[in-house]
Amino acid sequence: MTQIPLSLIQRTAEDLMAKAAIEIPEDYLDGLKRAAATEDGDLSSFVLKAMLENYEAAKQDRSAMCGDTGVPRWFVKLGNEAQVEGGMVALEAALRRATAKATFDVPLRPNRVHPLWRTDHNNNVGIGAPEIEYGFEPGGDWIDLITVHKGGLFGTDYRMLFPSDGVQGIKRFYLDSLMAFGKRGLACQPAIIGIGLGGSKDICMSLGKRASVLRTVGSRNSDPRIAAMEEEFKELGNSIGMGAMGFVGKNMVIQCNIEVGYCHTGGMPMSVHAFCLSSRRAVARLYPDGRVEYRTDPDWFTDYQRRETVDWEPAQEAAE
Amino acid sequence: MSIREIRLSTTPTPEAIAELRLGDIVYLDGLMYTAREGVYMRALEEKANIPMELPSESAANFHCSPAARINADGSFDMGAVTATASFRFAKWLPEWMAKTGAKLIIGKGGMTSKDYKEYFVPNGAVYLSTVGYGTGALLGRGVEKVEAVHWNEELGLAQAMWVIRCNRMGPFIVASDLNGDCLFERENAKIAGNIARVYEGTKPAVLKRYGESDDRSEEVI
Numbered sequence: 086m087t088q089i090p091l092s093l094i095q096r097t098a099e100d101l102m103a104k105a106a107i108e109i110p111e112d113y114l115d116g117l118k119r120a121a122a123t124e125d126g127d128l129s130s131f132v133l134k135a136m137l138e139n140y141e142a143a144k145q146d147r148s149a150m151c152g153d154t155g156v157p158r159w160f161v162k163l164g165n166e167a168q169v170e171g172g173m174v175a176l177e178a179a180l181r182r183a184t185a186k187a188t189f190d191v192p193l194r195p196n197r198v199h200p201l202w203r204t205d206h207n208n209n210v211g212i213g214a215p216e217i218e219y220g221f222e223p224g225g226d227w228i229d230l231i232t233v234h235k236g237g238l239f240g241t242d243y244r245m246l247f248p249s250d251g252v253q254g255i256k257r258f259y260l261d262s263l264m265a266f267g268k269r270g271l272a273c274q275p276a277i278i279g280i281g282l283g284g285s286k287d288i289c290m291s292l293g294k295r296a297s298v299l300r301t302v303g304s305r306n307s308d309p310r311i312a313a314m315e316e317e318f319k320e321l322g323n324s325i326g327m328g329a330m331g332f333v334g335k336n337m338v339i340q341c342n343i344e345v346g347y348c349h350t351g352g353m354p355m356s357v358h359a360f361c362l363s364s365r366r367a368v369a370r371l372y373p374d375g376r377v378e379y380r381t382d383p384d385w386f387t388d389y390q391r392r393e394t395v396d397w398e399p400a401q402e403a404a405e
Numbered sequence: 660m661s662i663r664e665i666r667l668s669t670t671p672t673p674e675a676i677a678e679l680r681l682g683d684i685v686y687l688d689g690l691m692y693t694a695r696e697g698v699y700m701r702a703l704e705e706k707a708n709i710p711m712e713l714p715s716e717s718a719a720n721f722h723c724s725p726a727a728r729i730n731a732d733g734s735f736d737m738g739a740v741t742a743t744a745s746f747r748f749a750k751w752l753p754e755w756m757a758k759t760g761a762k763l764i765i766g767k768g769g770m771t772s773k774d775y776k777e778y779f780v781p782n783g784a785v786y787l788s789t790v791g792y793g794t795g796a797l798l799g800r801g802v803e804k805v806e807a808v809h810w811n812e813e814l815g816l817a818q819a820m821w822v823i824r825c826n827r828m829g830p831f832i833v834a835s836d837l838n839g840d841c842l843f844e845r846e847n848a849k850i851a852g853n854i855a856r857v858y859e860g861t862k863p864a865v866l867k868r869y870g871e872s873d874d875r876s877e878e879v880i
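Residue numbers (my numbering), protein chains in the order written: chain A, 86 to 405; chain B, 660 to 880.
Every clue listed holds true.
BS3-like cross-link-like pairs, simulated, lysine-lysine; straight-line CA separation at most 30 Å: (1) B:K849 x B:K862; (2) A:K256 x B:K867; (3) B:K758 x B:K804; (4) B:K862 x A:K319; (5) A:K134 x B:K849; (6) B:K804 x B:K706; (7) B:K849 x A:K319; (8) A:K286 x B:K867; (9) B:K849 x A:K256; (10) A:K335 x B:K849; (11) B:K773 x A:K335; (12) A:K144 x A:K186; (13) B:K804 x A:K144; (14) A:K118 x B:K849; (15) A:K286 x B:K862; (16) B:K867 x A:K319; (17) B:K776 x B:K750; (18) A:K134 x B:K804; (19) A:K118 x A:K144; (20) A:K335 x B:K862; (21) B:K804 x A:K186; (22) A:K134 x A:K144; (23) A:K104 x A:K144; (24) A:K104 x B:K804; (25) A:K256 x A:K319; (26) A:K256 x B:K862; (27) A:K134 x A:K118; (28) A:K256 x A:K286.
No lab work stands behind these hints: they were computed from the structure.
Working from the sequences, and respecting the hints, build out all of it.
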């Protein structure tokens, strides 16, 4: 079995860091253009036009879209047969090196500091930073490197709801999050809203975050009833009357993605996340023969990731 | 309503400030400096000497940390520039404005009309908001030159005091005026009428949280 070369991983990771910071993903751009075409609030319209100009300026100047370049993190998905030169410890070192190097080269803002001592290494690397999370996929000798540079301060919330709260309770907490962080545009909307339902408390937060950053505009949950909720929630958020920067407008939500996980029978935990006007994500698939395929869709939530059964039968995959 | 575009100096005259109306779009010329919690604490709490002549050199305080680097030869490269949320700096701003004569506070999201009336208006100052948020690349094009970076050793790149020469830097939106009125509160009030309809049918969570408000016309800042 051929290993994926470490130098290829680091070089690709550096490219991804720059791509994420500079190039708005096509799916989000198309969504924002559709929003701009329908917006009739005069201030909101001005803001959306300025954002569309900003994406062009960033690409032309090879400059980060937004001065707050977020907090870089990595999602790594490995095909079951994938092997990395030097093993997983070497891979983590390569991703940390790429993060530090790109912070200087692009440049990105060195946002990461110690929570208490505010120590800044000026390279976005530190304790637990960048986060590196893993997923696996049956079949395949490739790895997917996904970088996401999400803003870190506003637009996110968690609440333990209960079965008796029902869908109406879910709607209220969703609206509360949009109202609280939409005013003055703290959430940097219109955004891709991710909702996590279920899981334990920490997984609930991860599900919501992944729903916002690892699914594209135009994607649908594979459960048709959840997909219908996603559409309904998007419309609900856009009917508040609030637009970009909290000005009067009709575009708050470019896309609403919902992901679920099984939870405690007594509860219904919920998280809400907003992936902002600079939805920074970039993806590449690396093969052992040195091929690299860049894309913007993380394609994270496969049938395997959403599996419900004890065992995963390869035949089941083939049948679908 | 048509949107007015205005070019404004970073050492503006009182008349130029009085001209500004909520929702005007502003482009800035002249020197601007970044100052946020790190600079405020160092200048006001630790009483360090501010390394600029204020307000004669600049009356424009940007709540910003740029995406920038300092090269090995000591030169600077600045890429994107965007603001950080200003409400967190209310603790230091009255003293900062008195000490530095700042007339333009530039940031994200504005302050409350109470802040504007209490210490912006008496100081003849207004608030300009960045647009988007996140027109970092456009604002970067308005950076003619990075003149200096102060206190980088003490505060780190993100909190240091960057001195930027602006050439038609923008867009910014006028978010307060000399009456102390607040653009964002005006917009909140317009949206408030629709809130009850949007919430219709939803119900409060069965488990309450301490300090919970059920009034959606309130703000969390």
